[in-house]
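Mind docking chains B, C and D on chain A? Use the hints.
Protein chains in written order, with our numbering: chain A, 7 to 348; chain B, 7 to 348; chain C, 7 to 348; chain D, 7 to 348.
Worth flagging that the hints you see were computed from the coordinates, not collected in a lab. Accuracy of the hints is not assured; some may be wrong.
If several chains are the same, the list does not tell them apart, and a pair holds so long as it fits within one copy or across any two.
Claimed, not checked - With a straight-line cut-off of 20 Å between C-alpha atoms, the simulated DMTMM-like cross-links for lysine to aspartate or glutamate are: (1) K76 to D66; (2) K342 to E85; (3) K266 to E13; (4) K76 to E234; (5) K233 to D115; (6) K76 to E222; (7) K76 to D115; (8) K96 to E151.
Computed from a prediction, not measured in an experiment: that's the story for all the values here.
The residues making up each chain are set out below.
Number of protein chains: 4
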Amino acid sequence: MMIVMKESATTDQVEAVVRQVEHVGARAHVSKGELHTVIGAIGDREHVANLELDGMPGVDHVVPITRPYKLASLQFKREEYSVFDIGGRKVGGNNFMMIAGPCTIESRDQMLTAAAAVHEAGAQLLRGGAYKPRTSPYSFQGLGEGGLRLLAEAREETGMPVVTELMDVRDLEPILEVADVIQVGARNMQNYTLLTEIGRAGRPVILKRGLSAQLEELLMAAEYVLKEGNEEVILCERGIRTFESGYRFTLDLMAIPVLKQHTHLPVIVDPSHAAGRRDLVLPMSMAAAAAGADGVIVEVHPDPEHAICDGPQQLRTTEFEHYLRQVEAAASLAGKEVAAKV
Amino acid sequence: MMIVMKESATTDQVEAVVRQVEHVGARAHVSKGELHTVIGAIGDREHVANLELDGMPGVDHVVPITRPYKLASLQFKREEYSVFDIGGRKVGGNNFMMIAGPCTIESRDQMLTAAAAVHEAGAQLLRGGAYKPRTSPYSFQGLGEGGLRLLAEAREETGMPVVTELMDVRDLEPILEVADVIQVGARNMQNYTLLTEIGRAGRPVILKRGLSAQLEELLMAAEYVLKEGNEEVILCERGIRTFESGYRFTLDLMAIPVLKQHTHLPVIVDPSHAAGRRDLVLPMSMAAAAAGADGVIVEVHPDPEHAICDGPQQLRTTEFEHYLRQVEAAASLAGKEVAAKV
Amino acid sequence: MMIVMKESATTDQVEAVVRQVEHVGARAHVSKGELHTVIGAIGDREHVANLELDGMPGVDHVVPITRPYKLASLQFKREEYSVFDIGGRKVGGNNFMMIAGPCTIESRDQMLTAAAAVHEAGAQLLRGGAYKPRTSPYSFQGLGEGGLRLLAEAREETGMPVVTELMDVRDLEPILEVADVIQVGARNMQNYTLLTEIGRAGRPVILKRGLSAQLEELLMAAEYVLKEGNEEVILCERGIRTFESGYRFTLDLMAIPVLKQHTHLPVIVDPSHAAGRRDLVLPMSMAAAAAGADGVIVEVHPDPEHAICDGPQQLRTTEFEHYLRQVEAAASLAGKEVAAKV
Amino acid sequence: MMIVMKESATTDQVEAVVRQVEHVGARAHVSKGELHTVIGAIGDREHVANLELDGMPGVDHVVPITRPYKLASLQFKREEYSVFDIGGRKVGGNNFMMIAGPCTIESRDQMLTAAAAVHEAGAQLLRGGAYKPRTSPYSFQGLGEGGLRLLAEAREETGMPVVTELMDVRDLEPILEVADVIQVGARNMQNYTLLTEIGRAGRPVILKRGLSAQLEELLMAAEYVLKEGNEEVILCERGIRTFESGYRFTLDLMAIPVLKQHTHLPVIVDPSHAAGRRDLVLPMSMAAAAAGADGVIVEVHPDPEHAICDGPQQLRTTEFEHYLRQVEAAASLAGKEVAAKV
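Same shape as in the complex, but just chain A (with noise of 0.2 Å):
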């Protein structure tokens, strides 16, 4: 850490930061420019992390230099990618990972449809929400356990491992019962309660950036997970808030390969909620992949027309093949490995 006195410090001032800097168990260097003098408070991690100098006469500014998180940066893991396994199927390094299914888990028929197609396609994870977080209290809120057993139903089917979303620590058992992958929505990027129950509970965890969270604020999200040994975290971009309002959100790419020079945890994007129309859902998939994605989730329904919710950002089951061809395509020229279908 790095503190940068005022102009017009005292040497009183520098003095008491010093002292200060030292009550905490850290070291502190003084260097005095033209200007400014600055004093670099070295230590460990945690010590360093509790001055709080901000206020204190004659600070101009602190400024961090070591990054906050440990477990989720790249060099935790000496510069090497991580690659899971979940059910055979691998995300990370140079693998990529196709995610589909409905978005709400609605029927047995639709669910199973749904299923079978992207199944069929070449899909390696199969999604479907039991429980819905929605901005309405007056909106359809999701099967619950009801969905949770037609989701195992078409796990049973297909073979394909399946990601479902935790909304409630108290849904945990039931989810843990069927769920290959535990999904943490935008909304809950920074529930810690949530974060480290699914930290203890050691199941591979898809988390979604929030609608407004800064990348080291995702990471500081993973490490809660991290913490509690939970290795297995992806990380999933799925638009943010802007001012343009041309599209519900606005994706931010540029993520994918930020994210890549300071974590080994896979990195994955989330167009259909982005943006909102299927119309953009290729495009923006294709990109996605071309700036170095892990992998894509994405939305499919057999009969989007009569979706309960998001009908119309799912791809129909009819167009999910030539979809994933063209992604693929993407993926390999960003270097990826498709994996061939199970």
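Using the frame of chain A, we list chains B, C and D on its own:
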């Protein structure tokens, strides 16, 4: 809801939309303009809300007409602002409420000193955090139930009602034993599980606006609580995320008069978290009061230099009385009555 | 335009709005819903645009129906994309254009070396800045007319058409003597004086999206040029401002497919300024091409470590050929033809 | 400037950075932490500003220490706020200035009626637009020189100094004949040509913050004017772009106290353009004054329902006096003196 068709839309496409509108039990009202045909879908809120027409052939875009919240709307209370009585202190209408206390409960001495100071100066409610949401899993997470006991002691000593944050539904019971008001943090604004349980608990709640939540989403989050029968929701603006990096968050004071046009619920402001710096707290509190806020929630500490967290943003107990008088003067100017000291 | 009345609006208020609509020469079409009365104002674009009803008694809000641009719209060209021929090189439709060269023209040697390299590798257009918009008045402001002469020399040596930025209407004449394409920077996107003069000059223009411009505003800026009779406007996404501080700007690639739904004008992407870092340029260029961009404008320098400005974001001439092949492959995947080397 | 090296940086990489620092004439100061080596580059502002080290091998990131503006800094004036005298009216320090008048000059009658009303109520400066920046080329672009003549007449009748907007350097001369203060609009904040010419013209200027400009950029724009010898720059906050779609812009009042920590220049606020709605103007003006603004610039019209542009946001002349008294009371509370009526 208005469905605007493309200029190139065919008669068949218009008819398909009409059928879809009628399919959900609403009435369709077609009006042909020079360029566009516009279809009005008229019916009750729930039916129309389930129409998902964005992807249909020939549809250009869909415009919602009716607001999606009901119980939170000003009209639901026939244009009268709600006033809540919390242990004899009032908030809402023309009552201004000052809520003050330490960010985090750190020790008996710190809690009781701060409580005595804010009580003496004339604050109405006492705040103090026992469970702390922290970006880093390595940071201090609060004293938990031990903190609640200290808060209860401060409540008894001063006679002030107290507010504290709930992060995990499993902590609801111990918090209900102590807290007169429950706080929901910005990162939990869309934690629907938490909102529903608080709705059932029937205790007044301060609901903080999420870091990138639109006002309509804040009102929908309030609706989750109201729908369970809990009428006492206080909305709190605490700064939003923008591109400006000169301060932690951008305090959005325009939210105050705009919310007051749409909802009967009281609106307060948290300047401490928005600014992250003590020297901005007084001007922004005065600005909030002058803009018509129903109250301010502010952090006060007897020794901020040695606070465990967020020291730089906490007011000193010694400066609190002067601060409070200034803020009250601004509130008076905006037409509020300031409560006499209890 | 649709005027949504408040639920509490009186008959008199509805009638007053109707009169106002008719006053500007438009027709009013009243439709009563269960909660709201909605009034459609039907008439030609200009008349309706002058209606300012937001403040009228009883009016809840006003919803525009017709888009405010006309010449830029896809429909104006009957759903066909424009293709521009610039000195024998094509952009738009299924033609992909690579524009490359140094950020700033620094010296004869630097300009000619960069030009030879990008020409050799197969770029279609050559870029180079003679007038530089700089945040600081103390920074290097470009070589001015001396720079233009070096650009003319590079043009002659390589035979490539050239693009350079115009900042001041008073520099239009010397620039017209050299430039095949004029560039308007992001900070000048709404410099209406400049846009109008370029419209009159009739030279093709690359119009960069402002740092916080909505797509509709970008199209309105294009409309300023088109309205003067200049049909050759190329739109350029170059990153927008968001809360993310991990990189300079957030490249908004969703703008590509969305713009292509609304306008016939070609859409290119500038990854260099968005990223500010060389290592992000290749993945983001590939992503742009995969998303359907009509071209990329990228910065290339023979010795970026000693560049006068923006060195860290400029590709090295030695790596440009490999870069170009990768981007072309992504463009092919998105259905573009890549021009043969001239 | 501090250069933070990667944890994996080699001694050679550190030495290469040191050489580069010394190459531009600065001194390098190496300090080794437990994880990172940090190199301080010490020297004069210009030399260090030309260091572009972000891309160098082994460099993690670069942290600027010294602020990039100088003439605008509070320290340049030895921590004293500037006070400008404009035709006998003062702004800055503890002087509060109310600037009012119509958005656009539409007719002799409208201009003179508005001028008389704001003069009568006690405003200090008169505003009125003759050249209007409009998003659409089809909108009314202002009366131009005819408007300037009406403004001159209003100036003569009331004795009030006047402010009007300059958009094109070619209009500078006619504007200098009439205007006591020149206004630079938000969209021209980084029109460096315009800023430089105004700097040379030596007339006081109101410089509006760009829609997504950081405060440091606003100060750098002011520096362009100051550098030419024109000392009288008034900064103006007028709302920024955020994700909130409930109002036109988000008025960033935290900018007021923060700017006052960094610059000696006066800071005023434009609530009319930020809100776009008359009913928000009073609360936001009071909030601005309470936060310590040096003035407010507000739009007033005798008949806003028939205004040619921005009618919904303009105050009525009949309500202006009450408005002014309320805003003055808030300014007094924040420690300002309110000028006696002239």
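Against the structure, the hints come out as follows:
1. K76 to D66: between (28 Å within a copy, 16 Å between copies)
2. K342 to E85: within (18 Å within a copy, 36 Å between copies)
3. K266 to E13: Between copies, since 17 Å is at most 20 Å while 38 Å is not.
4. K76 to E234: Within. Shortest intra-copy distance 13 Å satisfies the 20 Å Cα cut-off; inter-copy 42 Å does not.
5. K233 to D115: Neither, since 40 Å and 33 Å both go past 20 Å.
6. K76 to E222: within (11 Å within a copy, 32 Å between copies)
7. K76 to D115: neither (45 Å within a copy, 35 Å between copies)
8. K96 to E151: Intra 28 Å, inter 43 Å, cutoff 20 Å: neither.
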